[in-house]
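Novice: So you can see what is in the structure, the chains are spelled out below.
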Amino acid sequence: MNKQPDMRVKIGSLEMKNPVTVASGTFGYGPEYADLVDLDRLGAITVKGISAEPHIGNNTPRTFETASGMLNAIGLPGPGAAGFCEKYLPFFENYKVPLIVNIWGKTVEDYGRVTELLDAPARVDALEVNVSCPNVKEGGALYGTDVDLFRSVVDEVRSKTDKPIIIKLAPNVADIKRFALAAEECGADAVSIMNSYPAMAINIETRKPELANRTGGLSGPAIKPIAIKLVWEAAQVVNIPIIGMGGIYSSEDALEFIIAGATAVAVGTANFTDPSTALRVIDGIESWLAAKGIAAVDDLVGTVRG
Amino acid sequence: MNKQPDMRVKIGSLEMKNPVTVASGTFGYGPEYADLVDLDRLGAITVKGISAEPHIGNNTPRTFETASGMLNAIGLPGPGAAGFCEKYLPFFENYKVPLIVNIWGKTVEDYGRVTELLDAPARVDALEVNVSCPNVKEGGALYGTDVDLFRSVVDEVRSKTDKPIIIKLAPNVADIKRFALAAEECGADAVSIMNSYPAMAINIETRKPELANRTGGLSGPAIKPIAIKLVWEAAQVVNIPIIGMGGIYSSEDALEFIIAGATAVAVGTANFTDPSTALRVIDGIESWLAAKGIAAVDDLVGTVRG
Amino acid sequence: MNQEKTTVLEHRIFQGEYRLLKLSAPAIGPLVQPGQFVHLKIPRLKNAVLRRPFSVFKADAESLSILYKAVGQGTEAMRDIAPGEPVDLLGPLGTGFPMVGQDNIPVLIAGGYGNAALYLQAAALPVKGVAFFGGRTAADILCVEEFEALGWDVRVTTDDGSLGTQGLVTDALDPWLAEQGAGAVELFACGPNAMLKAVGDRAIEKGLTAWLSMDRNMACGVGACLTCVIKRKTETGWEWARCCKDGPVFNAEEILWDE
Amino acid sequence: MNQEKTTVLEHRIFQGEYRLLKLSAPAIGPLVQPGQFVHLKIPRLKNAVLRRPFSVFKADAESLSILYKAVGQGTEAMRDIAPGEPVDLLGPLGTGFPMVGQDNIPVLIAGGYGNAALYLQAAALPVKGVAFFGGRTAADILCVEEFEALGWDVRVTTDDGSLGTQGLVTDALDPWLAEQGAGAVELFACGPNAMLKAVGDRAIEKGLTAWLSMDRNMACGVGACLTCVIKRKTETGWEWARCCKDGPVFNAEEILWDE
Ligand SMILES: Cc1cc2nc3c(=O)[nH]c(=O)nc-3n(C[C@H](O)[C@H](O)[C@H](O)COP(=O)(O)OP(=O)(O)OC[C@H]3O[C@@H](n4cnc5c(N)ncnc54)[C@H](O)[C@@H]3O)c2cc1C
Ligand SMILES: Cc1cc2nc3c(=O)[nH]c(=O)nc-3n(C[C@H](O)[C@H](O)[C@H](O)COP(=O)(O)OP(=O)(O)OC[C@H]3O[C@@H](n4cnc5c(N)ncnc54)[C@H](O)[C@@H]3O)c2cc1C
Ligand SMILES: Cc1cc2nc3c(=O)[nH]c(=O)nc-3n(C[C@H](O)[C@H](O)[C@H](O)COP(=O)(O)O)c2cc1C
Ligand SMILES: Cc1cc2nc3c(=O)[nH]c(=O)nc-3n(C[C@H](O)[C@H](O)[C@H](O)COP(=O)(O)O)c2cc1C
Ligand code: FES
Ligand code: FES
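Protein chains in written order, with this note's numbering: chain A, 1 to 306; chain B, 1001 to 1306; chain C, 2001 to 2259; chain D, 3001 to 3259.
Take the hints with a grain of salt, since some may be wrong.
[Claimed, not checked] Calculated cross-link-like contacts (lysine-lysine; reagent style DSS-like; alpha-carbon spacing at most 30 Å):
id, chain 1, residue 1, chain 2, residue 2
1, C, Lys2046, D, Lys3046
2, A, Lys87, A, Lys106
3, A, Lys137, B, Lys1177
By construction, these hints were calculated from the structure, which means they are not laboratory data.
In isolation and in its complexed conformation, chain A is listed as follows (with noise of 0.2 Å):
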């Protein structure tokens, strides 16, 4: 009884030690929390956004707390994919740990060019897609929300590397399991669900947006239900892994996640409030098997019932 569970997930040829991640711009680059965060331990770290170009990002105010949850609109800064490599890839020779690079385009091209930059180092181990990104060639319509800009920039990434891709969907769309068969159909690893949802707030003495972008992306636990139906319908129509994220605090709510067909899950604005949570939900997901007699957390994915 009790036997030690397995906690391996693979996301494409990208294994995992166990299936938590942090999500992307919530960690930083990977230096910011590893005074507190044994970075090995986790099954991948996942960073922030990155362009092919450096990139300003947006005015602050940047965030916003909200009802069980926050906005944000930090508008990707970064320091390009050069700049990445030159700054932090140093700093993970001394880890162990999977490395999965976010990335982001204003074009397709740029797509494209950044994953090339980060196709060569082989400390990159995945890189994970963002599309929630308004195309500033196509009047700023959104590569998450148009299956057809959606495949283009899939197609382009696809192309340019034979790393595990992993395309984070946005998610507000009526359908998202047209964007999930999409992206296996262009030959994604994966997908991830979800990004933060388009959201808003008025700050009513000075009538100004409360964030200089004006509008941000929803994310912590009030999205949580939101994203675990996202999950569960990408599932059934997808043989690709999901990794999920949206609100995961605790190891029930990564659970919650697996049930619901996620292979692995990522904790994002989490961090903010408990730095120790990725942590956390590993000991708790595989405590939780061990008191089951589950024998792989792999056994769990899309189990629910009903």
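Mind docking chains B, C and D with the ligands on chain A? Use the hints.
Specialist: Positioned in the frame of chain A, the structure of chains B, C and D with the ligands alone reads:
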């Protein structure tokens, strides 16, 4: 100074003495809260969704609490239009409060029939059209997320009544503006934003969904930032009034919706938390306007800056 | 039905895992009928949108009290309620127990918080019959002495035999019922669903009247949201009845058990 | 930087609207440098996902304390923190104040909780110069005697003249600065943005070094989320610097004020 502000607003030809109604499904058919709330103080009452024929609704459990919100999948049980008129309209003879009846159907013809049945009684002041329903004829496609089906419903309802019709938009679309504009083009008098957001929770011990219907709608403070964004977006493109709702718990919340672009607001889930919410919201808006020296609540609508 | 800002008069461990919360409630207290409940807004639990329903244990002109056990985030947060703190209450809610029928011997059957839910009825009934209390272990059996002081003949069963007879409440009830003449007995029950169903089945079988206080998750508590529905038999089949408004107390004959 | 489950040793009104919260923090307390802060998870405020940053007022090998004022839902909920309650803390965080330059006279300038943020620096500086404290009214001026006891020459200004001179802190600072020889003075400031900018402007104008502790809304507090950024001048223009990691203390020369 501090003159009594003008709280009146108009939704098509419907005159509300203040901008606050209650959200359909959270306030029963009228009598349920009458002991606790002076109904005639409300700008309008909006009752639970009514269909042409009586309907049985979903099995239990029908609701589930989530972080700063709740899921519901009541399944639109109800006495049907004739039953409603017989059982509940006499009650309203004792009140002066405007009565908005929320309607729904499983086919376009259903929408037409319930409209006809509710067009007759003079006590029904306006219809709010719930389009977040699956169309049984079209294999479950949702009226609220398919713009052609959406138009067909609005056209049908419009053709059957001259009473003000308010189209209640589904939030789970990539671009709310298309639906708000379509409603306006089809002759709707107003749109209401938003219905609860499709969502889900799973019990990890039983591995069963927490709702008998598996999925349900997320409401409450959790979704307020989503609702504010949708109201703000729709307000950029339509000239008809918007009734804003989603997590309103205080006059500050209501003012945020009004500044975002809502002419009126509805209090939903908050009725369960505190039945006095709607009255507190009315009083709070009034004294805030007075304190700021704003002459009429209408002057505040859509005055977001920057 | 009122909404009242009550004040905490007393908050303490009552027995085992049960706590007693006594509130100053001059608007609600005097109106309470046996079997009714209050809907309590948990102070400071800002991520919770729903109130929690609790049977009224005792009530008088100035106050009321409830007995509760921590089973989830809401009831756990209730343990932080401080003396003197304001607590927003809706009540009294629901349709409680009727008077016992003429010449009938009343029998109370309780498990868990059912003892609290039946206390006012036990006090109000003019005739005192037998009260069957069941629970997992001794600590779960509440208020035996209080019911005895009211004049009830209390029979206790526990799953582990730590108090009274070992077994289920029905193990004590059945032999006792077998001794009674048909029609002379009327049952009033509150406890877990399985117990209520067992009681209801026996009543129907024996042609007795049984009043069951049903426990359903609630949202509004006042009949508006249609969350708490149970299937009630009609001539042609069944309809939904609202546990919060049409109940929580139903005649066992009305209930369609199909879950 | 540590994450520590601290325990509340003391929680009381300090002065006016300010409260003192003293925590047993053996892992964080001994590491604190002047000008650093802690990131506090507010107990029981379950609808809040973000911690709140507070300057460390005092710290020793076993404990640390903060001074705070209720300005919103988070700080209001903090008033419910009970003695003995566990409080989750991250700290010490950020880059604090440097030592005063050789031969410079240190000058402290504080408004609001700035007095708390400057206390450890006031204690650590080997030379004690002049401390300018500004506030709306007398109740906002904290710790005058404590700074005097450390050997500082404290000059108070209040908007309403209820303590010290009437006026802004700069009204007292300017004439004093005018009397000093250039280069002999080094400024350390914490307070509202307008005050910090006024201090920075004066320093740049006069060629003095000024260290400003900046206040920005924060999410992570550790440099990961890029919420708290301010514009820092570079040779070619500016870049974002993180208030929580690269600051909160910045050299006034670095800061690009454009808001
Ligand atoms: C009419 C009525 C009277 C009641 N009287 C009392 C009383 O006098 N004393 C008392 O202690 N409790 C009573 N209850 C039950 C009480 O309302 C629940 O224990 C409480 O709502 C649980 O809230 P929670 O947030 O702690 O649990 P949740 O977090 O909501 O749930 C935690 C666990 O409790 C279970 N649970 C949730 N709601 C209920 C419920 N209504 N009944 C049973 N289990 C539930 C859930 O399934 C879950 O496993 C009564 C319920 C009703 C409907
Ligand atoms: C490095 C640093 C050190 C600090 N040290 C102290 C201290 O020692 N004592 C102390 O009392 N406060 C200190 N603060 C400010 C403190 O963090 C805020 O007062 C607190 O976060 C407000 O939380 P809230 O939930 O009560 O307010 P919210 O509900 O978040 O906001 C309410 C109001 O407070 C304002 N507000 C929110 N955050 C801040 C902020 N960071 N600064 C100023 N106003 C804000 C909002 O604009 C709003 O008007 C410090 C802030 C920083 C960044
Ligand atoms: C401050 C912040 C920054 C984020 N930055 C990114 C990003 O750069 N790229 C991306 O794909 N997602 C980004 N996200 C979204 C998260 O990765 C995650 O999808 C979302 O927050 C939902 O998970 P959560 O509720 O656990 O936070 C960001 C989220 C937050 C809160
Ligand atoms: C229990 C419940 C029942 C509802 N029933 C209906 C309904 O019958 N028709 C409808 O259009 N919306 C219905 N809604 C949606 C609400 O009217 C409202 O749009 C939504 O709850 C968002 O507002 P809130 O966050 O203030 O609750 C229901 C919501 C709840 C919580
Ligand atoms: S709880 Fe709302 S109808 Fe019973
Ligand atoms: S608060 Fe996250 S980077 Fe400073």
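Novice: Hint by hint, note whether the structure agrees.
Specialist: Structure-based check of each hint:
| no. | hint | in the structure |
| --- | --- | --- |
| 1 | Lys2046(C) to Lys3046(D) | 6 Å, holds |
| 2 | Lys87(A) to Lys106(A) | 23 Å, holds |
| 3 | Lys137(A) to Lys1177(B) | 21 Å, holds |
Consistency with the previously given hints is maintained throughout, with no hint failing.
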